[in-house]
Amino acid sequence: MPKLSRRALLAASAGLLAAPASAQTVKPRLTAISQWSAGSDGAAITALGKKFEERGGVWQHSPVPGFTTEMMNKLRAQILGGDPPACSQLKGPEIAAWSKIAPTVNLDAVVAAAGYEKVVAPDLARIHKPGGKWAAMPLQIYRTNTLFVSKRAMDRVKADKLPTNWAEFNALAEKMKAAGIAYPLANGGSRPDDGQKFEAALAGISPTVYRAAIMNLDEKALKGPEMHAAFVQLRKLADWMDPNTASQAYAVHLPQFVAGDMGMMIQGGWAQGVLLNAGFKLDDFIIGPGPSDNGKPVFLLNADAFIFWQRKEADLQAGQKLMAEMVMDPAIQTMYSQITGSIPVRTDVDLSGPGWSDGQREAAATLKAAVAANQSVLSLAHNMAQENGMTAAMIDVITEYVKNRAITPDQAVTRLAEAVEGAR
Amino acid sequence: MSGSLRRFARKLPELLVIWVPMLLSAGHVVVFTLWTTWVSFTPSTLMPTDGWVGLRNYSAVLATRNWKVAFDNLLLFGFSFMLLTTLVGLALAILLDQRLRGENVLRAIFLYPLAVSFVVTGTVWSWLLNPGMGVQKLVNSLGWTAFRFDWLVNRDMAIWTVVIAAIWQASGFAMALFLAGLRSVDADLLKAAQIDGAGPVRTYARVILPSLWPITVSVLVILLQFAIKTFDLVRALTEGGPGIATQLPALVVYDFMFQRGNLGRGSAAAVLMLLTLLAVLLPYAGWTYLQRRRARA
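Residue numbers (our numbering), protein chains in the order written: chain A, 1 to 424; chain B, 1 to 297.
Possibly wrong hints are sitting among the right ones.
Taking lysine to any residue and the SDA-like style, the derived pairs with C-alpha atoms no more than 25 Å apart in a straight line are [unchecked claim]:
| id | chain 1 | residue 1 | chain 2 | residue 2 |
| --- | --- | --- | --- | --- |
| 1 | B | K68 | A | E421 |
| 2 | A | K100 | B | R56 |
| 3 | B | K137 | A | K220 |
| 4 | B | K137 | A | D261 |
| 5 | A | K74 | B | T37 |
| 6 | B | K68 | A | A406 |
| 7 | A | K100 | B | V53 |
| 8 | A | K100 | B | F258 |
| 9 | A | K177 | B | R148 |
| 10 | A | K220 | B | A63 |
| 11 | A | K74 | B | M47 |
| 12 | A | K177 | B | D150 |
| 13 | B | K68 | A | R126 |
| 14 | A | K74 | B | W35 |
| 15 | A | K100 | B | L46 |
| 16 | B | K229 | A | K223 |
| 17 | A | K312 | B | M47 |
| 18 | A | K129 | B | M47 |
| 19 | A | K236 | B | R155 |
| 20 | A | K223 | B | F32 |
| 21 | A | K175 | A | G295 |
| 22 | B | K229 | A | G66 |
| 23 | A | K74 | B | D232 |
| 24 | A | K177 | B | S141 |
| 25 | A | K74 | B | P43 |
| 26 | B | K137 | A | K74 |
| 27 | A | K74 | B | T45 |
| 28 | A | K100 | B | T45 |
| 29 | A | K74 | B | S141 |
| 30 | A | K74 | B | F32 |
| 31 | B | K137 | A | D239 |
| 32 | B | K68 | A | P409 |
| 33 | A | K236 | B | D150 |
| 34 | B | K68 | A | G389 |
| 35 | A | K100 | B | W52 |
DEER-style ranges, computed between Cβ atoms [what the hints assert, rightly or not]:
| id | chain 1 | residue 1 | chain 2 | residue 2 | range |
| --- | --- | --- | --- | --- | --- |
| 36 | A | A182 | B | V217 | 49 to 57 Å |
| 37 | B | V53 | A | Q411 | 27 to 35 Å |
| 38 | B | D72 | A | A365 | 18 to 26 Å |
| 39 | B | H28 | A | D108 | 39 to 47 Å |
| 40 | A | A278 | B | D72 | 36 to 44 Å |
Calculated directly from the structure, the hints in this document are not laboratory data. From the three backbone atoms N, C-alpha and C, an ideal C-beta is built for every residue, glycine too.
Pulled out of the complex, with its shape left as it was, chain A reads as follows (with noise of 0.2 Å):
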């Protein structure tokens, strides 16, 4: 249990004096803390702030710029003070394990009168209901699994079909390999880059042992004949990167891949803001749906939210109610989604519009389409499937693996089970 700070006492015995006699005057009022600071996941949080105010809110946003790590320990020093923020920026399995150091708002009210749940995808709703209640609202979608090739790639070889599973994968990037591009997979150093190879590998071969092995660590999947077969995959995609990039990031890269001189990409849809934001078109490149081998699209999804933490103050709890209210609003999610490239949480949103890119129109068809084949599933590598302590034990071993052309695919399916083991 949290203690409560005399201020905060004082605020909310103030609140409950004031509550009977201002209840229909009481200005809602968010407090909010998240690390979208700059570029367009800042542009999208203030024009969320500025709807917000439009609606007779006071908006107060606090951003923590930089490492995620370093908002969390802000979060955690607010709640250890007894104040918490009225929302904060909070993803994936997380909102289930904070939701546990302290009481947060009780959202089901609101989303049962929006009808929204029955527009989210399953697998989503369900981590932002810890305990059976919504807790927190998702705010956008991006897809982890985007295969992105290089146009000038695919005229080298002239190809002009995207590949739709791994032996057509295989195969052009071999052709690519094969016409002197030395380097058909554009690649980053970091560990999610490195673990998202890895789940776009598993979930394209099957995402059924994807969802027993890394989102339930069923222990017989996660020694199963898939993970040995996404193992060997990701050996190949690993031969194919370049082993020069030490830790960098993967947009070092983006203008060799769009040279040519790199083939393909498979990265969040959020690489498409960024090679724009560089100056590269649309027609520099190609998106797709990553590959999958039964022939039906596979969407590793990863979504941002907001949590909300209770409090006491009339006004606070007015700001939450409008918060979630306007995250639901298919309106909000379309412009805050066209300011970042994500894609709506929403399956209903019409992407028609002229706000839209074919990417994100063609991410949220198969998104769509992933729900109804039960093909859409979390993302590991951006901490969508598992608590950070169980990712990271994961990510240690597929990242070293990548590394090191000594270790085994045999090798490294035993290495994961035992990793899921130690960090149980």
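Given chain A's structure and the hints, the job is docking chain B onto it.
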């Protein structure tokens, strides 16, 4: 004003300036060390919580590959960094001691890296050592195309890039201490050696270097705590990679505490680091104590 009060007033600045900060920092160190040790025995995850799990956090940390790699790296990095930095520092000091012109300028240049933060050192060396844009590329473009210097991305050699950058950073400091030692060698001893007909090599080996022994020990101890707490250098240079090849214990502690949200295991790792340090420092303290007693006797 009475005499004792006046004496107290005269002593007051000393009390305020020395004892207050001293007590505060000692209190901080002791209290937080005890607190961390306590947390390491609790089931704390995102927040410190009460409870007792015995040595479970320790066994969990010791079982991870990360910790094993980090500890092996610490031994390798610690020993080679301490040894090589001392040698480089000593060599620089001896060279500077030859009454060079421009000694002051050179001394400043060699000391300068110490004024640069580890993050800057790490970032600069990560560019220099990157085979795609640093030294290798330069030599290749000069015509020697077969030249390879890819330690940064070679998981077996990557830890040596950390050693190189750390030596660059700290050897100026070792040099400064050694230079002071060289300058304070008793002139009579040197004259005696000269009269006995000892050449420069013999003078250094038999007279000067033995008298530097106490300074060498101080240098080694200071470098040791540099080595054990190395964090930001690796973070900026390799991020613990390729893979987990350049993990060090301080990174593992940070990782457990703040990225994996497991304060209990992070604290256990921190206590293990402290024990490592004590394993070296306690014998050193004992040794200096014996030395002092022998000197008094």
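Margin query: Could you work out which of the previously given hints the structure breaks and list their numbers from low to high?
Written below: 3, 13, 16, 20, 26, 29, 38
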